[in-house]
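Peer 1: Starting from the given sequences, assemble the full structure and let the hints guide the process.
For the protein sequence lines, the chains are B, Y and G, in the order given. Position 29 of the first sequence, counted from 1, bears residue number 29 in our numbering, the numbering being contiguous throughout. Position 201 of the second sequence, counted from 1, bears residue number 201 in our numbering, the numbering being contiguous throughout. Position 163 of the third sequence, counted from 1, bears residue number 163 in our numbering, the numbering being contiguous throughout.
There's no promise every hint is true.
Pair by pair, the computed Cβ-Cβ distance ranges are [stated by the list, open to error]: (1) Y/L798 to G/F107: 26 to 34 Å; (2) Y/S864 to B/A48: 30 to 38 Å; (3) G/Q60 to Y/E826: 18 to 26 Å; (4) Y/G958 to B/F93: 33 to 41 Å; (5) Y/P213 to G/I23: 39 to 47 Å.
Hints listed in this document are in silico derivations from the structure and should not be mistaken for laboratory results. Glycine residues also receive a C-beta, built at the ideal position from the N, C-alpha and C atoms.
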Amino acid sequence: MSWEPRIIAFLCNWCSYAGADLAGVSRLRYPPTIRIVRVPCSSRVSPAMILDALKSGADGVLVSGCHPGDCHYLTGNLFARRRFFMLKKLLEFVGLEPERVQFAWVSASEGDVFAKVVSELTEKIKLLGPNTRFRKILGGKI
Amino acid sequence: MGAGSVLVVGGGIAGVQAALDLAAGGFYVHLLERGPAIGGVMAQLDKTFPTNDCSMCILSPKLVEVGRDLNINLLTLSEILEVSGEPGNFKVRIRKNPRYVDESKCIACGQCAEKCPKKVPNEFDRGLSQRKAIYLLYPQAVPLKYAIDPRHCIWLKKPGRCGFCAKVCPAGAINFEDQPQELELEVGAIILAPGFETYDPTPLENFGYRRLPYVMTAHEFERLLSASGPTRGELIRLSDGRIPRKIAWIQCVGSRDINRAKVPYCSSVCCMYALKQALIAKEHIKGPFEAAIFYMDMRTMGKGFEAYLERARREGVRLLRSRVHTILPAEEGLLLHYVDEKGNLKDESFDMVVLSVGLKPHPTLPSLSQVLSAPQDEFGFLETRLLENRPGVFVCGVGAGPKDIPETVVEASAAAARVENLLAEARHTETREKTYPPERFVFPEAPRIGVFICHCGINIASVVDVEAVTTFARELPDVVYAGHNLFTCAQDTINRIVATIKERQLNRVVIAACTPRTHEPLFQETLRAAGLNPFLFEMANIRDQDSWVHPDDPERATQKAKELVLMAVNRVRLKRPVPLATIKVRRAALVVGGGLSGMQAALSLANQGFEVALVEKSQELGGFARRLFREVYGKPLKVLAEELAAKVASHPRIDVRLGVTISNVEGSVGNFRTTLSDGNVIEHGVVIIATGARPYLPQGRFAFGYGEDKRVKTLLEIDELLERKDPLLKELRQAVFIQCVGSRNEEHPYCSRVCCTHTMEQIIKLKEINPELEIFVLYRDIRTFGKKEILYQKARELGAVFIRYTPERMPQVETKEGLKVLVFDEILKRDLVFEPNLLILANGIVPDAASRELAQFYKCATTSEGFMLEAHLKLRPVDFATEGVFMAGLCHYPKFAEESLSQALAAAARAATVLAKEDLPAESLVAQVDPRRCTACGQCVALCPYHAPSLEEVRPFGLVSVINPSLCKGCGNCAAACRCGAIQVKNLEEEPVLAAVEGSFGRIWY
Amino acid sequence: MFYAVLEGLRRFKIPHSFKFVSIITLYARWIREGRLKVDPSWNKEGLKVTVQDPCKLVRQGLGDQVAEDLRFVIKAVVGEENFVDVYPNMSNNYCCGGGGGSIQAGFREKRMRFGRYKFEQVAKTGADIVVTPCHNCHTQLIDLGTYYKGKFKAVHLWNLITKALVR
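Peer 2: Here it is in structure tokens:
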């Protein structure tokens, strides 16, 4: 079987998770490469979580929140964006392809946007190949 | 019986808000909607001005709340047949039309609609797309149940002919034999929120609507922009699929038109929605795009609207003050004839024209008005006096006249307050509360996880191998039970789950089914019913995010389902029971400010049975209202204010404190301790801020001779002259008004909303006293919105002359040799000189500097201008972001006395939602600080928008951050920001998240 | 005069016992009743005829009904096939651009500028004659025709009726 990327997505409960649901309700298709972790707000996602996901074997990480101004918690998504920008710089510095991590705004009514984001990210990471530069090798079976 | 229930008619945002406030305030609500789902017009909108929030995203949580509230009985597809009785004891006969789909069985999988062969125009998309005869009004509909449209269903017209839906329905929910039902309700009061319809521009044949392909109404355009609309938000011309690069909006179509459309009032919202649509269209279209708005007066008189207008101007939206004569077909587009402001004839072609259609009373209003004997006004809207139509019947929203969403929400809450005043004694007499068995103490137990996997009919099972997933789950460590069900959400399955939890002594539960967004509350309730803490629960979304999106790849979908289940098991294992948080509420209110709003709010709360303290810094109640010469609800405002003051002063439950201010505030929602300047302390559960505002004092560039010449006066000073019927007024020969003094300029970049209308009122009064008086009004845009337009019309009929000026060429006033006013007339292109006996400056309203200080006491925000900032401009217009603090009146934004009174009532209704209960449910999964790790860096304090964390001295740790659980919403922002890892959100620490991530790689995490 | 009185009565709600009827409506009635006999056969050359609906008479005055009558009379006197309508028309017609006393006051340049649409609209029909029952429109249309070098002539309605009268 050919290699397939594995992407971890941290989605905020109020917009992006709902957007992912809407993609399902609208019966859109996207590759089964993504595993969604629900968080209350994109601002709950600390850079450490993203690094841990990469360390655990993720080939890509997606963080998605509400559009600016729509945040259920008023300004959380803006904090997330700022943290994320910093993290990208850091990843570049330590030599990891920064394209592996992506930030997106997906609202509750944008099922099609979500499907598109997943498909595009999967394609992008397929080109990059497996994440080998930042990977924890565990004793257990994979 | 019956007095503890309320009937709310109309499931739009007005009805929804009224229902939610009433239910939270301790009343049982019947919410009646004629369609198959609630949501109204707001559900159809794409974005909302002035924040450009996605309309559905902000509305949907409210709809879900309505659907889940135990004390709201949703009556869809229903209509009122008859009403009898009196306030406190109405009998209402209702017909519930058949849905032909059993609501208790339908799982909204959509297979019926897929198979249904009958396509019909989709009214939700304004006919721009098609739906089936069996349909869901829109994807987020509440209730999320399909309905058969009997006008189109093949079977219902000819039984035996089709019936595909019944064949494919996995839940057996289709019932062609469904019959209309008649119900009789006993209610104490009725709230009408019947909504509106947009004007149909077909009769205005010069605009070519329905004749020319690229002409559409703004309502249709809204659907075209919407991500759930006919093109999924792609902005194209539906007839040829081309992207419109140049769009024109034509304002006042079916508004302010006494000639052809015969609609004399202004629809209030069109200027703003046209600006919004122009801006959103610009965002949608990549590459060159041009937007032009043809208007008469730009009416951006609401909070944040003027800034929005400026933003549109900056982003290149062309604003053309012109009425378009005709739209002609042209090659590949449309040709517009118009005259520009310089008087030149112009021909310009556009790719698309949007008609900004006005708001009209809903076509069902006449019959509703008849059934309820509820009088209508001359335009067909329902009559209201402080929201009351007739005793016991209240009206809110556009059914009472055109208005925007925030005003509608304010009115809805205010109507709820009026009902609560009327029925105060019956509070909590008919509401229901769920009771649960005591919680089992599971803390010391080893994890015993139960996994329940759902087939969802064939929605999951047709793609995912449910059997294999169950076997996989059964073999995971700590899983003591794994099983699968056809419909996990069905009542019998729920009962089985409860039994299984008890039987197997489960202490953690995973349900692999649909989305937690809709079903988590239901399953959490199931856990509580089984005596488990509701937070020992996790859902794996194997339908919406698995079987529905990977139908072509069952193998990998099954693999994904296994991993999703493992992620949930990993995560649930680490979860701990969290007590459901509540706050003990001190059931008393503090109202700050003794003006019209403050008095009304205090009176409403006191009449509802709550203790109120009213604090006023001056020595007299009444405020600004005592100085205005206006009539409100047929009574001089001054008299109204004095009557209110008398009632407040003599009310046994109102404690009036005059001549004091606030010097310190401690505590939070439910338990505030406010110290007054005289040293007294007031304990209260909520606070309503109604501190008012000040009139602008003309000065500097905007003095216009004020203070130099006695003949230059402000609107308020004219009110004084009118009030005492000064003989001077009879001798006047000529009066000139200058509008926008202290509004819409760089110092005060907002519109003061009331001055145009007050000018009209004064013109009418002045003309009554002295019909020979010549009146000239120098203005920028006349903003007599809504039915106030009639006053403008009357002022023109009485002979007042209106002359427009621009901010670039302000009117000049000379006082040295007599009073002279010089203005450049934009139409004549000439300078005009007036020598009036009276120059009246329509001065605006400016915020009170004391407001800002007070806001800081209660940790509330103000706008950059200094007005109070609400939690959400659209849907929470009287709430602050800080819980338990509400606002009313001029401190929020300039507004009319009528609006202040409504807002005060709304604030009272919102406050009552807190005061109605002894224990206030609070967010349970809040952040908490480990004081041993905290270094008091203050990051969390700086970033929390709810002001939950603060730095405090805690023994023995010293200065550390402390998070107030009653303010925390559990977003986790502080936890992510905490540099020492001292802050964690309950059940959402790093570990459960990592455990889930590990699970996605098939690894177990202990 | 007609409009001034009509609008004055309307605006100030002055009670009155008489009705406002345009002569055009009367022409139309008389033709329908056979009391005014007209015959379009004089139009041997097949001159194309179009119409100008005066604002004061139609849009602001009596409404579309009088415009219908106007068309009926024109068709009766020039032949149905020779009538070409303008677009937009009737209540939604363009102003001739010569109202408000501008003809008498001498704003010639502005008048011609405002009348450009009217000229283009009439010229587009290809008509040889434009009929107007209004004195003001009549003068303005003649001026427009000369200024923009159009081929049409402006005539009053009664000019054509006299041509078509059956003796």
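Peer 1: Look at each hint and say if it fits the structure.
Peer 2: Now for the hints, and whether the structure bears them out:
1. Y/L798 to G/F107: 26 to 34 Å: holds, 30 Å
2. Y/S864 to B/A48: 30 to 38 Å: Check passed, 36 Å falls within 30 to 38 Å.
3. G/Q60 to Y/E826: 18 to 26 Å: Holds: the Cβ-Cβ distance is about 24 Å, inside 18 to 26 Å.
4. Y/G958 to B/F93: 33 to 41 Å: holds, 36 Å
5. Y/P213 to G/I23: 39 to 47 Å: Hint holds: Cβ distance 41 Å, inside 39 to 47 Å.
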